[in-house]
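Visitor: Listed below, chain by chain, are the residues.
There are 6 protein chains.
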Amino acid sequence: MQKPPISRYPIPDINTLPEDIRTRILQVQEKAGFIPNVFLAFTHRPAEFRAFFDYHDALMEKDSGLSLAEREMIVVATSGANDCQYCVVAHGAVLRIRARNPLIADQVAINYRKADISPRERAMLEFALKVCLRAQEITEEDYQALYPHGFSDEDIWDIAAITSFFGLSNRMVNFMSMRANDEFYLMGRLPKGAN
Amino acid sequence: MQKPPISRYPIPDINTLPEDIRTRILQVQEKAGFIPNVFLAFTHRPAEFRAFFDYHDALMEKDSGLSLAEREMIVVATSGANDCQYCVVAHGAVLRIRARNPLIADQVAINYRKADISPRERAMLEFALKVCLRAQEITEEDYQALYPHGFSDEDIWDIAAITSFFGLSNRMVNFMSMRANDEFYLMGRLPKGAN
Amino acid sequence: MQKPPISRYPIPDINTLPEDIRTRILQVQEKAGFIPNVFLAFTHRPAEFRAFFDYHDALMEKDSGLSLAEREMIVVATSGANDCQYCVVAHGAVLRIRARNPLIADQVAINYRKADISPRERAMLEFALKVCLRAQEITEEDYQALYPHGFSDEDIWDIAAITSFFGLSNRMVNFMSMRANDEFYLMGRLPKGAN
Amino acid sequence: MQKPPISRYPIPDINTLPEDIRTRILQVQEKAGFIPNVFLAFTHRPAEFRAFFDYHDALMEKDSGLSLAEREMIVVATSGANDCQYCVVAHGAVLRIRARNPLIADQVAINYRKADISPRERAMLEFALKVCLRAQEITEEDYQALYPHGFSDEDIWDIAAITSFFGLSNRMVNFMSMRANDEFYLMGRLPKGAN
Amino acid sequence: MQKPPISRYPIPDINTLPEDIRTRILQVQEKAGFIPNVFLAFTHRPAEFRAFFDYHDALMEKDSGLSLAEREMIVVATSGANDCQYCVVAHGAVLRIRARNPLIADQVAINYRKADISPRERAMLEFALKVCLRAQEITEEDYQALYPHGFSDEDIWDIAAITSFFGLSNRMVNFMSMRANDEFYLMGRLPKGAN
Amino acid sequence: MQKPPISRYPIPDINTLPEDIRTRILQVQEKAGFIPNVFLAFTHRPAEFRAFFDYHDALMEKDSGLSLAEREMIVVATSGANDCQYCVVAHGAVLRIRARNPLIADQVAINYRKADISPRERAMLEFALKVCLRAQEITEEDYQALYPHGFSDEDIWDIAAITSFFGLSNRMVNFMSMRANDEFYLMGRLPKGAN
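Chains as they are written, first to last, in our numbering: chain A, 1 to 195; chain B, 1 to 195; chain C, 1 to 195; chain D, 1 to 195; chain E, 1 to 195; chain F, 1 to 195.
So here's chain A without its partners, still in its complex pose (with noise of 0.2 Å):
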């Protein structure tokens, strides 16, 4: 089978992108080794590409009292609830790598009630797991579950806002077909100097 297109939307030849664009591009790629589907399929529109990664920074690389590997967990649990494969697919290749360990990404993608993490862990997820599907019940007592594991108001707000960004990434993705690309079902399986 040949394989599918990256996206339902065209992609524009990257030497014609407006130049923020093309160094943003190209820095992921330095840095990755391959530029990741997500930054080709949103260069058909270059304010909302813009915009996204933007957001996306503002959220995932900054300081904070979530780690770095907490925050990929809750990218991709919210995005095993949402069915989206690019973000499962390309944040569990993150997870995998951040926290160390080969095994936690499809665990918490498949069902993090399962999975091999710590009671503050699964009290966070709980949490983003609401956000994402019932946000519309969230109240006081959800707050007043988190406070017990170490987690602030701004920590929550983290929690909030990764769960609500990824949401809106999960649904472009599945609207245009967002393929993965093939790197990273793989990458952080392996022994580090294995691959």
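Just so you know, these hints were derived from the structure itself, not from any lab. Worth double-checking, as some hints may not be accurate.
Here are the simulated PhoX-like cross-link-like pairs (lysine-lysine), alpha carbons at most 25 Å apart as the crow flies [to be verified]: (1) E:31 with A:130; (2) B:31 with B:62; (3) C:62 with C:31; (4) C:130 with D:130.
Using the hints, position chains B, C, D, E and F against chain A.
Guide: Then chains B, C, D, E and F, alone, in the frame of chain A:
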């Protein structure tokens, strides 16, 4: 009963905000006559503020095959499905004004199938609701159902992107219990010149 | 767009109606200033008309431990859950007037958890929504949750009966595409004396 | 185990009831040989008793394009979907008798798609279940699916109204834990003359 | 109406069946007085026949901390939730006999929360229904809720295994439209000696 | 974090097991290089062990109109819908090997609609998912949708039976928190000869 706060999170004094954010808010205030609470609520996180409103403007203030009223209709219908008070009330006001129709927002928010809308608008909202609630099930057939109504692929991206962006917004609003300004409730309900 | 009919079914000329039904309708018209469409729509079936409004009056016009505003609040919240345009719009108008609060109806219809309501009202609506959506799961614990808020067993019957009756109404409205009168949309939204 | 009460609410002595209600109950007792508990349970509220049974009779005892068996089939199928013990058991008995079929009620209550019914009955129950569970989604197409089976618009009103009325009944039954009379369980299961 | 077939798939002549299967069927016939259709329907696949009934017997015919009636109650309640006509009707008959109670099966199949059952039985059915409908959400708390009612870990395995096995059975029945024998409908409904 | 146990229930010493079970396990170990935990977890109940694996082999190791890869695809897709970690991880490994495709398992587990599969495979999975989640709604039309893709009635039985059997397995896994062996996570992901 004392009026609840605008958001569960603190709102900084507007004069302490970064200049670009302060300017953006004052421009909105000048245009609308008041500051919609979503602008104040997001000042708690300046980087997210910028990305959020850049994304919003990229979708809602550009030229598009969708009319301004159609875009607001998408917001109101999907925010209704997500039980989001702020977005239904605030964008319901904008929809009434854009469509010059004092009844349309309540109709669409409660049940778009029974609203005074055209077959084109109905097809648009069916697609939007599917992206909102079951994006993982979007298939080629859903696209095909839109073409006969005159929607291009770019228009369809707009429908999906507006739905996805406001899905993010709906979750943030419900998470922080963001409150709609009292002003919105009556806007667009009276004949021109009456209020 | 031409205005859709009041109902998918024919409406007889009011002068051809049985005398008791004609009188009842004229009394409502005198009190409200117009004839709410639900009265016209049910004239298609005189026997059902009589039973429907007798049931309505038995619940909504008697003395009760529930205030008039509380009863309307139940109607609006459960009709919102059932996506019933007529009942949300018409009883939303009555709720605004009874509660002397121009904002309450939209808040309750969209998401009662975020509305400006008291703990008593919130407990009442939780019970009502459970009767509305999952009556089969009602257990003794649901009753026990209401007693501390001052509800008697008779009050609880009222909550359940109002919810059940309007569940019938919501289904009939959606079945026949009953249309809300334009007048309802604005009622109770302006300060006394303003309209 | 001691037999639970007929209802969570008190049942007045039949001799203390208003004369019209007492007469109505005694007539049913004479015809059926016992008093169905729904009559007793509703005596707790005389005004609601009258409206409830007036509504019932307006739908179930009039001439209609629906046969008596078809009407009971609607009650059993929708009450099954609402998990209503009283209505499935009591109207299941009536359905067996009306249809002269000892198997039909259990089949329809559990899964009408696998019941020994005609295509006409199946189409009728599909419409009824949609009114029961998702009335907000009823559209013109649902009507069109019924016409080829010989249903008129008046018949369709009957389907919808019976479904809606018993939706009220189902909720009241579950709310007050109304108990079905032991007599109903066996009625219509034995060959004529056998019991 | 002609009686529909036992199954959508062909049933071989019993005399052509492998000897062990033929013997097993004849033994059941001798005991029950007729051949329950599930035995005939599975003869279409001898290897699956053997595994299916071995599994059944391993759970339903061994000694257990659960009484025979309790085990049937699990079958009836979970098969009710899965809308499985064969299992509700056939095991409803067995439950009536095992519990010496002509009412219990219909009560449990329709709504176990309103059935004449003990707190122990109710806790058992709550666990069973969760395994049936949301097994992925089972946590340690669900076990803890059963211990005070006298259930051991082995008993809990039995509840889960019976539920899981009949979940398989329910799906196969609905897939092939397996028909319940007419005999089951009346079994256990009459006083001993009456039929 | 210490590794959680294989199952919430005790696992007997393999040398104390009945000879046929011990032999079966050692054969699997010889073939796979390790003992899949499902074999160990079910030793807690020898009679259920035998029936479970007999059923499994009757479906998964026989000749069939479904290829070995197609059968594993059904397991992975339905186990994904049931959030079953063990089955998605273990059978995902087998699927990768059978289909000689390192990407297919993750794609199918997350969202089969977006996987690199043929129209035949897609039709097969739609039927499987319906048996998995809504078997009560299976009708003749669902069969008719499969015939044009070359599926015979026997093939369709296989699809339904595999789905139903793994529905049992999924529930038992989630009930006892059965853990997938670490070995499965990487199997079939590397080019032949690479690991």
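Visitor: For each hint, tell me whether it holds in the structure or not.
Guide: To see whether the hints hold, each was checked on the structure:
Between residue 31 of chain E and residue 130 of chain A the CA atoms are separated by roughly 53 Å; this puts the pair beyond 25 Å, and the hint is violated. Proposed proximity of residue 31 of chain B and residue 62 of chain B is supported: the alpha carbons are some 18 Å apart, at most 25 Å. Our distance criterion of 25 Å between C-alpha atoms is met by residue 62 of chain C and residue 31 of chain C, whose separation comes to about 18 Å. The suggested pairing of residue 130 of chain C with residue 130 of chain D holds, with an alpha-carbon distance near 20 Å, which does not exceed 25 Å.
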